[in-house]
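Undergrad: Chain residues, written in single-letter form:
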Amino acid sequence: MPKVLPEPREITTVPRISDRIFRGIVTTGGLSTLAILALIAFFLVFNGFEVIRDEGLRFLTGFDWMDAIPDEGIAATYGIGAMLYGTLVIGLLAIIFGVPIAVGAALFLSYYAPEWIKRPMVVVIDVMAAIPSVVFGLWGYFILMPHAEYWAKLIHKYLGFIPIFDMPAPAYSRSPFIAGLVLAIMIIPIVASISREVFAQTPPDRIQAAYALGATKWAMIKAVVFPYGIGGVIGGAMLGLGRALGETVAVYTVLNLVYDIRIEILLSAGGSVASMIVNKFGEADAIELRALMAAGFVLFVVTLIVNFIANAIINRTARRG
Amino acid sequence: MINEENREMRDSMSKIETTSAASSGADIRKEVKPSSLASVAASHESKSKSREIRDGVGLEARGIHAWFGKKLVLEDISLDFAPGTVTALIGPSGCGKSTFIRILNRMHEFIPTAALAGDVLLGGKDIYGSGVDVTKIRLKIGMVFQKPNPFPSMTIRENVLSGLRLAQIKLSNEDELLESCLLRAGLWDEVKDRLNEYGGALSGGQQQRLCIARSLAVNPKVLLMDEPCSALDPGSTLRIEETIRELSESISIVIVTHNMQQAARVSDYTGFFLSDGGPGKLIEVGSTSEIFSTPKDQRTLDYVTGRFG
Ligand SMILES: Nc1ncnc2c1ncn2[C@@H]1O[C@H](COP(=O)(O)OP(=O)(O)OP(=O)(O)O)[C@@H](O)[C@H]1O
Ligand SMILES: [Mg+2]
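Chains as they are written, first to last, in this note's numbering: chain A, 1 to 321; chain B, 322 to 630.
These are calculated hints, taken from the structure and not from any lab test. The reader is advised that the hints may include incorrect statements.
[As the list claims (entries may be wrong)] Residues on chain A that point at chain B, a partial pick, calculated with CB under 10 Å: (1) Thr33; (2) Leu37; (3) Glu115; (4) Asp205; (5) Gln208; (6) Tyr211; (7) Met220; (8) Lys222; (9) Phe226.
For every residue, glycine included, the Cβ atom is placed at its ideal position computed from N, Cα and C.
Given the sequences, and given the hints that come with them, work out the whole structure.
TA: Structure below.
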């Protein structure tokens, strides 16, 4: 006789009323963030749709941003290629300048700083994250720029043979280099605090194992702390990049927007999608406004992708070890 | 030779089991157990006496006091570790064995509130002296921890050789060293075909032996082991005990253990720590066979016979 297996039972749990209410509240909260995100995306797509359709891929690759001149029969062309390129350049510069400083600060706080300096410094870094970006912009313009111009001249003098440090005309102010420096300072707090958190989670038994093998502090950090924390640092850097890409006011203050792709980072000519939107927004007509919406949508997608990558990296390394 | 010893050891273990199984009643057990521990210790002693040459460097602790914050946890511990001997430290939980062993290679100072008094002499020189390079001290006095802690980001090979990299030692014959360390740690046969796998892919017992191999690679003069087998199965434990006895021909070993059988099986000398609520003290130290058969202090006898602790 064949064995008769019982049907699997259905297991139900009836949550308490209080539990259900609470669940309702947090669910609403969670879903509304998604809804807001979706609405923003929809709003941008809805308004920018026409321009994207008309321009096609040229919207991403084109350099020209011109309104129609009906008298001369010229149609409008909108391309954000140069701005998109400029955004990536200053974002990259921000990472290159900012991440090493942030990681250094995190290491200092985690492993070198005496106790009495640690707490105040953590607070200072957090406060730095809360400074409005226009302040960074003004500071960058009035205080940093004169110095940065001098540094740029030195770089050009000694490294000018490298194309990116070349200088066709002596215009050193409001360059991608300077914008990158200002952005670097703006992303330091977030990168530093994320790095500090992952460094602090380094399993103490591995640290002890390294020391017990006669490691110096620096050797221990290289062998144990970095391998453990690298994912978190990369994730933090990507979050910082996300912020840098979307930064508007500070960049607008210290960067000269030029609709051209130039590889010379010391030259007073750069681009930034976010700043361009602010720049054009005031006097845009209806159709240009749509183009700006479309640009906003592109920026939104780029930032979203960067953030997704950041989260994926952070999660993957959080699960390991 | 190794197998021979191993068999003998298992024999003596099974003897203990049979005697204690045969004897029912608590009173008899109390009488039987210490004497069988003593016989284990004695058989180990007779074997280790046959080893003539003892090399290595001796370690001496003199008048060690230790504090965490204001709390005194060790009081006036003086203990000699002769070159090429195995010393077991036993005692109830919280009496300061780990604190003491961590003082011996300057791991104690990593705890922010920790303080200490007294000297630790390695080959006659104070390791806490001013101008001493602490990383060199830790190279000479290796440590194996209770919980296996291989570096998960490194392969088995890299783990074994990690000490060289950490201390910036350059070697030409790394492969030879790799093999000899893994052989000495009793792990070679199990991993020789998977040296490029990650350290975390090994079993707990294998990881612990990997950690032993890792600490051997920098050629320590003294090896400190804090309950190295407490997370391991009996098979791995036996394997590590074998390793300890092989190692003790060339280096001095200090091992903390809660396992009396283990202390009796592997050690030449045994020190008994005890804290009566206050700081931990060294109650008695002597040859292992003596401690397990005729200790001088009643409290030691009580502890090794399982009457308390
Ligand atoms: N980091 C610390 N901070 C404060 N007190 C500590 C610290 N580590 C240990 N102690 C205290 O020091 C005493 C000795 O601890 P220790 O770890 O040396 O004991 P042990 O003999 O190794 O115990 P066990 O057998 O359980 O491992 C205990 O009273 C413990 O509470
Ligand atoms: Mg302990």
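Undergrad: Now tell me, hint by hint, if it's right for this structure.
TA: Hint check results:
1. Contact between Thr33(A) and chain B, as hinted, is not supported at the beta carbon level, the nearest pair being about 35 Å apart and thus beyond 10 Å.
2. At its closest, the beta carbon of Leu37(A) sits 36 Å from a beta carbon of chain B; the interface hint therefore is violated under the 10 Å criterion.
3. Checking Glu115(A) against chain B: minimum C-beta separation of about 8 Å stays under 10 Å; hint holds.
4. A cut of 10 Å between beta carbons decides the hint on Asp205(A): the least distance to chain B is about 4 Å, and the hint holds.
5. Of the supplied interface hints, the one on Gln208(A) holds, with its beta-carbon coming within about 7 Å of a beta-carbon of chain B, less than 10 Å.
6. The interface hint given for Tyr211(A) holds, since its Cβ lies 6 Å from the closest Cβ of chain B, which is under the 10 Å cut-off.
7. The beta carbon of Met220(A) comes within 7 Å of a beta carbon in chain B, closer than 10 Å, and the hint placing it at the interface holds.
8. Residue-level restraint check for Lys222(A) holds (minimum Cβ-Cβ distance to chain B is 9 Å; threshold 10 Å).
9. For Phe226(A), the suggested interface contact is upheld, since its CB lies about 9 Å from the closest CB of chain B, less than 10 Å.
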